[in-house]
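Enquirer: With chain P fixed as given, assemble chain U onto it according to the hints.
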Amino acid sequence: MALSTHTTTTGFLLPSIHSAPPFFTQQPHPSSLSIATEQWIQIILKYSRHRRLFTIRVEDSETTGHDWDEVLRNERINRKVLPSYLSYILAQMVSQKLAAYEPPKQDRSVLIYWRLPEEWAEVLHEWVSSTGHLNTIMTFYEITDPPIESPLSGLPIPLLRQAITILSKTNRAQIIAIADGEGVRFFPSTGKA
Amino acid sequence: MALQRYTKSVDGTIPIQALMYNDEELISTQDGIGIYDGLQKSLDHQSGIVHVTSQRLFYIDATKKASRSFSLALSHVSRTDYYAGLFSSSPKVTLHLSIEDPASEEPSGFGSWECEVCAYRNPPGLSPSAARVCALCGVPRSLPAKSASSASSEVPQPNIDSSFPTSASTSALPQRFRKPSSISCPACTFLNHPYMQTCEICSTPLPKASGDHTYIEAKSAPTTRPTTPGLNDNDIGSKMLKLSFRKGGDKVFYTALKRSLKGRAWEITPSNAGTNGARSGISGIMQAVETNAQNRDTDMSNALQDLEALMVKAKDMVRLAAELNERLTASSTTTANDPYSSVLSSTPTEPEEATFIRSSLSQLGLQMENTPVTLDMMKDEREWMEQLARELASILQGSEKVSSSSSSGGMMKKRGIIALDEVWGGWNRARGVALIPPSTFLEVIPHLPAFTNPTITSRTLNSGLAVLHTPPYSRAAFAARICGLLALAGPKSTTEIAQEEDITIGLTVEMLIIVEEDGDVCRDDGQSVIQEKKGDILVLGEVNWWANLFIGYTWDGQE
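So the protein lines, in turn, are chains P and U. For the first sequence, position 131 (counting from the first letter as 1) is numbered 131 according to UniProt numbering, and the numbering increases by one without interruption. For the second sequence, position 376 (counting from the first letter as 1) is numbered 376 according to UniProt numbering, and the numbering increases by one without interruption.
Be aware that one or more of the hints could be misleading.
As the list claims (entries may be wrong) - Here are the simulated distance ranges between beta carbons:
id, chain 1, residue 1, chain 2, residue 2, range
1, P, Glu59, U, Gly484, 39 to 45 Å
2, P, Ala91, U, Ala466, 35 to 41 Å
3, U, Cys483, P, Glu59, 36 to 42 Å
4, P, Glu59, U, Ala466, 40 to 46 Å
5, P, Ala91, U, Gly464, 28 to 34 Å
6, U, Trp555, P, Ser129, 33 to 39 Å
Since the hints were derived computationally from the structure, they do not count as laboratory data. Where a beta carbon is used, it is the ideal one built from N, C-alpha and C, also for glycine.
In isolation and in its complexed conformation, chain P is listed as follows (with noise of 0.2 Å):
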């Protein structure tokens, strides 16, 4: 009856509780279930940190071979997330400001804030300053898939769209329409410096 932690073959622990096979169902009960959906939000957010997953969709539960079997199964119990409940634990990401709805005005699938756009803003201004980008125009595309690895890399564009704008409230960025798309310019922080 002890349930134990399990790591997975990516490398991930994961809690005790998901080894319970109660964990997998929707409870009835409000404290029982916020409780559960709390653990949940907190496995998602962790497992695509660590995995760098930005998405994730009501469908993953319906199906297999996708990033998610290791978490929303549970091979060794025999048990999964049914697609309803995954369903009430995103939008409870959702209004918990977790997560955004991607593409919008839908609920099938959401982008993951396992950083907060805000979070995003500061990371991306940092690295645009350590590697001697400000002041010139960037492509989102170089900004998402530069050269070399990066923490930026594979970010999405709605994301990246979403620190931009941060950025630029602060007076720190700047959209510059270019001949292929969008571009972006970079200034140095004037409040700090």
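Expert: Relative to the frame of chain P, chain U by itself:
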């Protein structure tokens, strides 16, 4: 001879009431009667019962009811004579029968038929006169037309040709066999059925149709008939029957017979014959339907009155039994208290009688200790409720007396929880006839804890199902027990818990949901099982119940 010609044999084993037509009335009955056929004793009919009805005279033979009984239509009787009897000769009544050949009468009076105007199916069992017209629309039955056509089939064409001059037959034939045509109303030109006397639309009197005339002719003059009565015209004996009253009762019977003959019920077409003109047609049908409904109403209310009267009588009987019982108890106590009487009189027989009476009372369902408590036995409403509660308690838990004598205890002897509907049904079954309405039952429930040990209380589950339960099944006790069970034995499925608790699965689910509401357990839904095929069968688990493992859980996964 007269017997053969005028009477019809009936099956005397059938009760007389069933032999009569619906509109016939039994007037008098006399037994010990012998029959004279003409002037001779009829040897086969020497002892029997004779019934006079408004339409007929029945002779039911005493020995061979089935074969020797007969009926005689009073319409054949033209005159009666009474002979008071002398010395050994019994009183006799002579019935002089009319010449008219009875064989031509009486179409099939029994057997249902359909009116060809309104398609109403007339019920069987009406007297011949009543059966002549449709009971619903009052239009005469078209039977004679049938008899005419049957006559035509019986009598071959050549025969007529030979017996009549050809000219006459040609003129007669088309007239005789022509179908009666509809009558056009002189006022509104509506084509009425030939049997209508007034127009169905505007009630204008209709002219007689020519077809009508031919049909009468066809009826009254079949070719073969006239010779038959003529054969024994001079034979007086062939036209009379005598009833010999071997056991008296002749005078009463004769007056009844006279009255019946005077009434001439066979000539009166159904009771509403007086209004026959107005009755036919659509308004007539409506009227008939209305009267039918009214009659049914009165019949029904009469029947219900009878039932009420019976219930009143039953109440009296219960009261009587109660009194008797009290008196018995009183007498037995006095005899027991009085040492002299117990010594002096040979009392052993008395208690025996008393117990006999008591036991027969109980066999009648009137045993006093067990009589259901009824409202009128209690003066006070509160007391009535409490008495009911006491009675219910004894049914649920078994009274001391009952449980000691018989093996069957109360309904909740072995069960700690029981649905309310089952209790209500069981209680009413135990009460027998004095049933408790649900409203009263619900009023009794709150009084129950006072009369039960262990206390039985009621409780309504989430689905609205109300139950009665003993303390172990109260909300807290049950939750504690389930938690203990799960902590000890690990997770359990609903079925396992139901088995453990020995209650139904449905009830278990209800109870567990309440425990879950308290946050003491959590569920593991079988739907979350990764669907696996074992063999060819898709395995779906049921709900398993776990002690609540979320409360107090802290994160122990990856930081």
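Enquirer: The structure should be examined with respect to each hint, and the outcome stated for every one.
Expert: Hint-by-hint comparison with the structure:
A hinted range of 39 to 45 Å for the beta carbons of glutamate 59 of chain P and glycine 484 of chain U is consistent with their spacing of about 42 Å. As the Cβ distance of alanine 91 of chain P to alanine 466 of chain U is approximately 37 Å, the hint placing it in 35 to 41 Å holds. Restraint check, cysteine 483 of chain U to glutamate 59 of chain P: a C-beta distance of roughly 38 Å satisfies the suggested window 36 to 42 Å. Restraint check, glutamate 59 of chain P to alanine 466 of chain U: a C-beta distance of roughly 45 Å satisfies the suggested window 40 to 46 Å.
For alanine 91 of chain P paired with glycine 464 of chain U, a C-beta distance near 31 Å keeps the hint of 28 to 34 Å intact. Range check, tryptophan 555 of chain U to serine 129 of chain P: Cβ separation about 35 Å, and the 33 to 39 Å hint holds.
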